[in-house]
Structures are given as C-alpha cells and as structure tokens.
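Peer 1: Just need the whole structure built from these sequences, with the hints factored in.
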Amino acid sequence: MTTRPATVPTHPSYLALDRFCLGAASSDVAQHVESCVACRSYVQSLADTAPASGVVAVKAGIERQRRNRLRKWWAASSVLAAAACLLLVFGRAGSAPTEGTPNYVGAKGLLSVWIYVKRGPTTRLWDGKQPVFAGDRLRLKVDPAGYDRVEVYSLQEPDAPALLYAGAVVPGHNTALPEAWEIDGEGSAERLIVVFSQGIVKPTWDRWLKGEVESGVSVLPFVIPKSSAPPPDSSGSP
Amino acid sequence: MPPLDGDSFEDCYRKVFPLVLAKCRRMLRGDADAMDVTQEVFVRLWKHRELVEEPAALTAWLYRASTRLVIDRARQRKLSQESLQHLGFVLEDAGSVDAEARFASRRQLRSVLSECPEAELEAAILSRLDRLTHPEIAEVVGVAERTVRRLLGRFDERMVALQETA
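Protein chains in written order, with this note's numbering: chain A, 545 to 782; chain B, 18 to 183.
What the hints contain is simulated information worked out from the structure, not anything from laboratory work. Note that the structure is a prediction, hence the values are computed from the model and not measured. Careful, some of the hints might be misleading.
Here are the simulated lysine-lysine pairs, DSS-like style, with alpha carbons at most 27 Å apart [what the hints assert, rightly or not]: (1) A:LYS603 <-> B:LYS95; (2) A:LYS673 <-> A:LYS685; (3) B:LYS64 <-> A:LYS603; (4) B:LYS95 <-> A:LYS662; (5) B:LYS95 <-> A:LYS685; (6) A:LYS662 <-> A:LYS673; (7) B:LYS32 <-> A:LYS662.
Calculated Cβ distances over 10 Å to all of chain A for the following chain B residues [as the list claims (entries may be wrong)]: (8) ARG43; (9) GLU174; (10) ARG175.
For each residue, glycine too, the CB sits at the ideal point set by N, CA and C.
Peer 2: In structure tokens form, the structure reads like this:
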C-alpha cells in the first residue's frame, strides 16, 4: 500500500529530517541524508538558522498566558470544586489488562487515569459508561503514583497495540498528556491501554494481555464504547 | 510536571526554533507571518514543556500545533494576503487536480478555508507540504491510518469538485 504521495517518493518527510537534526532519526534517514544533496542542504539550512532574539517575546507571551490562566482559574474555581466531587478515578496499581476489569473509584494519590472527551467546544470527564462518537477527541490525565513513565496504546488489531504516546512523568504528580486522539467511526469500541513503568520497558504483549505483568509495570485497559449514531449536540454530556 | 528554568527553555528554543520556522515558512509566504506563528508555537509549548526531553513526541506536537495555528489564523483572516494566497496554492496543488488550474477567485479560496473540515486541511498540509507518510500523519494528528486515508481522499474529492464548479 502506498503511504506517500507519488510526487515525492524518494525523500524522507520533513518530520523525519527534523528528527534527524534532533538526533532521533532512524539509520535509514541518516544514510539518506548522507547521500542526498537536497536533504543535506535542508539539514544544513536548519543548522545555519540562528534563532531570532524573540525568546524575550516568547517569555512575555508565556507570562501573559499564565496571568490569563490564573484569571480563568479563579473565575471557574467554584465550578471546578463542584466537578471534583463527581470525579471518577479509574485504574488501580498492578491491575491486569483484562477487558472485564471493573472501573476503579479511588482517591488522589493512587495510580489513576482520567479520560476527558471533547465534543465540539465542550470537554467533559468520561463517566466510564457513556459511548463516544466519531469526531470526539480523547485526552488523558494521569496520576502515575510512583511510576516515572507512561505509554498509551490503542488496541485496534488483536495482539498488536499501536503506540499513541510515550513520555516521562513525575512520580506523584498529576499530568495531562499533551496528545489528544480523535475517535473514528470504525468498530464498536475504542480500546486504550495505559502502561505505567519505571523507565523504558519493552512491551511483552503476549504476557501482558494475559494479565501477566512484571514488577515495576502496571497495565490499565479501558474499553470505551462507540456509538454509530450521529453525535448529540456538543453541549450535551458525552 | 518538571520545572523548566529559563536557561533550559532557551536551550530548547535555540535547538528547535529553526525547525519550527522552516515548517511555518513552508506554509506561509510572508516571513512576518511565519515568525509570528513560530513565536506563538513556543508560547504554547511552555504548557507542554515535559515534551522537551522526548524528541519524537516534541516534533509531533510542534507539527500539529503549528499546522493548526496556521489553519486557525487563515480562517480568522489573521494572515497577510501573500500568505493566504500561498496557502491556497499549496492546498489546490494538494488535490488531484490540474496543477495549472488556480482558484478562480479569492472567494473560492475563502470558501475552501472556511468550509473544509480542519482535520482534512491538516492532513493535506502534513501530507503534501511536509511530505509526511500516512503513519507519520496518524502519529502527529492522533488518529488511525485508515482515518488519514479517508481524510486525504475526501480532501481530494472536495478539491476536484471545487475545480469542476469553477
């Protein structure tokens, strides 16, 4: 299957070249850059680009953003306090990745995953039951407890989870993952697997999917039902 | 979230700035527009500063954020005419249409920018302008590869239909 437009079949993407510049490219890309004048020229042009003095402007923008966020936070504090009472916390340290695992309700400080559903302009916490619709976007917030790394996988194909996100987290600190994932119209459920670990671990799905999880790793599965009906009004509850 | 002091942020800025500016220049003709969007991307990056230690996740986020910012600004008419026109050429070349054909009018370009779903515009820019493969687009946008194929197919159909009605 062709996965690249026919007009540019020979060069790596700019994303791959940018990753090469940051030292995160595959050996194939490195070999290509070595032998390709055009790609080498692009990489060299990046090396020759001096950052503008605009870091001061960026810092000013960050400060402005922080002040705006504080104002919004105060305005919304009463709403947040009420919402916190209804917060459902899913997951439990050491739980096995079986689909039938009941959702766990617990207090802050435990290994936890919050799933937020954005539909139109409205973002709400998933209640563990309501279906999602094509076009909805999911975003996760985690409390990694004592773990320092989180990975999120989508189980679209049996036994072949696809990595959606991987990154470091600070143990004991709630962290909203920077990625959001759009729900497509395929299938009857979205299956997410959240893996917490101490450092990078090599997934052993054949064992993990049977619930055999080694020490230092926690694997939390979530099955989010999908509806094929048209999504309700975005102001409604997901 | 780990604290990121001023020096660390400046290090990140120096390292990543050229990549973001190059990406913005591919989308926008006006250098002022490209610089403006680049600055805004870094302001937003601060909220996601944990990405700084993960080059793959960082670059995926930068591509997504900069593309969406440009689409937003194009829709809100916050870009120069030069940049808008350049983006229009990029988009029409993205479709399976005669490369010689051009938007019949500015109104037609505005129509594409305002009516085409953001997800389609985003996939088209990442695919045809940034040369991303379908798996790369899926990673950047956060959707399945089959969704990427569907988005690009719909975009092509939209562009063909647009040219036919011109």
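Peer 1: Hints numbered earlier in the text: which of these fail when held up against the supplied structure?
Peer 2: Structure breaks hints 5, 7 and 8.
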